[in-house]
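Visitor: One line per chain: the protein sequences are A and B, in this order. Position in the first sequence counted from 1, then plus 1045, gives you this note's numbering. Position in the second sequence counted from 1, then plus 1045, gives you this note's numbering.
Because the hints were derived from the structure by calculation, they are not lab data. Remember, it's a predicted structure, so these values are computed and weren't measured experimentally. In this text, a Cβ means the ideal position worked out from N, Cα and C, and glycines have one as well. Be a bit skeptical, because a hint or two may be false.
Where chain B lies over chain A, by a calculated footprint (3+ residues, C-beta under 8 Å) [to be verified]:
| # | region |
| --- | --- |
| 1 | 1095-1102 |
| 2 | 1129-1135 |
| 3 | 1139-1149 |
| 4 | 1196-1205 |
| 5 | 1348-1362 |
Straight-line Cα separation of at most 20 Å, SDA-like style, residue types lysine to any residue; simulated pairs [what the hints assert, rightly or not]:
| # | chain 1 | residue 1 | chain 2 | residue 2 |
| --- | --- | --- | --- | --- |
| 6 | B | Lys-1163 | B | Gly-1174 |
| 7 | B | Lys-1099 | A | Asn-1061 |
| 8 | B | Lys-1360 | B | Ser-1310 |
| 9 | B | Lys-1163 | A | Asn-1061 |
| 10 | B | Lys-1099 | A | Thr-1092 |
Number of protein chains: 2
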Amino acid sequence: MNNLIVQKYGGTSVANAERIMNVARRVSKSAVAGNQMVVVVSAQGHTTDKLLEKARGISADANRRELDMLLVTGEQQSAALLAMALQSLGHSAISLNAAQVGIEATSVHYNAQIKNIKTERLHAELEKGNIIVVAGFQGINRFGDMTTLGRGASDTTAVALAAVLKAGLCEIYTDVDGIYTADPRIVSNAKKIDVISYDVMLELASSGAGVLHNRAVEMAKRYSVNLVLRSSLNEKPGTHIKEDSGVEQLSVSGLAIDRNVARVSVTGLPDKPGVAHSIFHPLAAEKLLVDIILLSVGDGDKRDYCFTVHKQDLKTACEILEANKSKIGYESLNTDENLAKLTIVGAGMANNSGVASSMFEALYECGVNIETISTSEIKITVLIDERHITKAAKAVHDKFEPMMSVDFEETEES
Amino acid sequence: MNNLIVQKYGGTSVANAERIMNVARRVSKSAVAGNQMVVVVSAQGHTTDKLLEKARGISADANRRELDMLLVTGEQQSAALLAMALQSLGHSAISLNAAQVGIEATSVHYNAQIKNIKTERLHAELEKGNIIVVAGFQGINRFGDMTTLGRGASDTTAVALAAVLKAGLCEIYTDVDGIYTADPRIVSNAKKIDVISYDVMLELASSGAGVLHNRAVEMAKRYSVNLVLRSSLNEKPGTHIKEDSGVEQLSVSGLAIDRNVARVSVTGLPDKPGVAHSIFHPLAAEKLLVDIILLSVGDGDKRDYCFTVHKQDLKTACEILEANKSKIGYESLNTDENLAKLTIVGAGMANNSGVASSMFEALYECGVNIETISTSEIKITVLIDERHITKAAKAVHDKFEPMMSVDFEETEES
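Given these sequences and hints, build the entire structure.
Guide: Printed below as a string of structure tokens:
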């Protein structure tokens, strides 16, 4: 564990001059305490939305390479402003964009993945005694063009920097106190989680708990980054995300909601090899993210597939399937946009057969019908009518709350 | 003369989506006519001012390296938006920032000079059939850091690109119809100039005629760039800036005004070698631009220096001189901020001894006192009370107008 700390501050934390100065003071405190500092920032407030609006003013369907060229300016501005703020507090500081650091990424614009980060310039600036402020969310591809890493991906930039620099600590600052057992705006008695494993956090993040980017958690797990999520508004310790300690025997760690889900049903398919490939290959070729996939048990020689996509991708998904109708050989295509996803996650779930049935019981007790069920070793997801999602979330959270609180007190001791 | 055209559009021309589409249509027209196109853009409307304001919100004296990092985003945004607009018209287009093109510049932040422009990427994109949109005003230094080339320097970017690409034509688009014999907002009967030589344009640009960046003219002269300044709002031919054709025998080509001038007088200096160096060396070391320098003829063993600086540099200039008072050995330091500069320029001036006296006569006739006089082979500059500048400009313009109009008609024929 070295004295290098990577911190990441989101758009809300750097929304105006006053908040940038607050961030600078927080960074300064860690620097004065003797730490080397690398700070990752997002674009200020609603900058990214405003830039997207500008692009839409020009073209409804702007080229993604040019969109990325436009969007990366937001983070570069915040980085420069924070460097100025740190200098005004008497620190040596320098801002660097992705090209200057050498954050090499794939060419998939707006959803690129970091392939490698060069460390020469970073080490050189740290040796000069500089606090480094890095523009988050961005990389460069092999042509030197800017690519962006997907919405919220400044978290990933921070974790990747912590990994390559072997930082002792990576702190993700946000406007909430940490990870909660459910969204406190929906479930009022949701509790803050003090320690959570990478795996459970990953399932929560992937299931719609928007507080941490799932690729960031994946990368933290792969490189064992010592990750903390905490608030930039207070001094509370936040949630510590780390290797499963073995002490944890949580049945259910948390609950997540995702309203951005639409279901596509493809029915009357022949029961023979290659059918799944014929459906999902053209979707993947268009970089369309498919989530839950279910295959009906089948009746006679016909089978049905259903899967979920983000609501904004529904139209494209249907167009792709219709264009390939003769090749896939389905009878009909149905969609449902009025659904939401409710997921419970917990590392102890695999060894506790009662968890699923308790969840279904809670939903039954509050009168919510289950449209689709999907399970993995550490999570259970149901699709339900979107109108009932708040009621359902509360009911499920209440059902598991006694279990949750006992477990969290145990981990607090560790 | 090849079919490559470099065009440059200023901030007003790309201020909003509608104007960007107008620019795109103009570029498209030249492309459809069979030309290869490289387009340089400035930041939209007041973007640069807004970014400077943001920086001031953080720190009154922001680091220039970070300021440049902040400012270059403005041009990158316009470039991306114009590329999108060109694509929406069916063209292949790509935006490039200074790092992507390889516009290598000196490290003097906010006032860097272009040292070299790499052409590999530019040629590669042109060969792919792309219209290239380049972010103006910026370069990278040898560390890969962004530097900016000074206010209005997108003109210089365009001319430099035209020079390295050996473009057949470089068009600078602005919101006026061309170069005028004086600012038409001040001198109502000012006339548009159809053809002007590099040298005369250079003196005009350097004397405060804000319509074209003087470094751009210098570079155009050095590399014989075929340069045209014209309006993006109409189809008028604009002003052609080129090598002195020999046909031109203009006494006075135009008149320029500069209100951003302050005078410093350093008096009671010893009359010995090294004094000028002791005054101007510390000012140059701080990158302070000094304009007119005058040395009094002297009385006895004491001499006085006086020079002009931009108003915003006056405080710094005085601080530097005071800090070096004992080394320079002057008696007193006086300043005057209420002055403005009036300059007349013309290639034929050197051979016409009556020009200076006609100018002084015009000023005498309208009752304006001359504070300082400075002359070169092709220009005469006077410093006068700022309150009289409009009256003086009109009087001087009227005095030379008959000469101007005859000469311009001659050059129109050529």
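Visitor: Run every hint past the structure and note whether it holds.
Guide: Hints and how they fare:
Check on the region 1095-1102 of chain A: 4 of its residues sit with their Cβ under 8 Å from a Cβ of chain B, so the three-residue criterion for coverage holds. Beta-carbon proximity to chain B at under 8 Å applies to 4 residues in the region 1129-1135 of chain A; the threshold of 3 is reached and the given coverage holds. Counting residues of the region 1139-1149 of chain A whose C-beta sits closer than 8 Å to any C-beta of chain B gives 5, which meets the bar of three, so the coverage hint holds. Closer than 8 Å: that is the beta-carbon criterion, and the region 1196-1205 of chain A has 0 residues meeting it against chain B, so the requirement of 3 is violated.
With a threshold of 8 Å between beta carbons, the proposed coverage of the region 1348-1362 of chain A by chain B is violated, since 0 of its residues qualify and at least three are required. The suggested pairing of B/Lys-1163 with B/Gly-1174 holds, with an alpha-carbon distance near 19 Å, which does not exceed 20 Å. Proximity of B/Lys-1099 to A/Asn-1061 is assessed by CA-CA distance (about 9 Å); at most 20 Å being required, the pair is judged to hold. For the hint pairing B/Lys-1360 with B/Ser-1310, the CA-to-CA distance comes to about 13 Å; that is within 20 Å, so the pair holds.
As the CA atoms of B/Lys-1163 and A/Asn-1061 are separated by approximately 38 Å, the hinted pair breaks the 20 Å bound. Annotation: proposed proximity of B/Lys-1099 to A/Thr-1092 holds, straight-line Cα distance about 13 Å (limit 20 Å).
Violation of the numbered hints given earlier is confined to hints 4, 5, 9; the remaining hints are satisfied by the structure.
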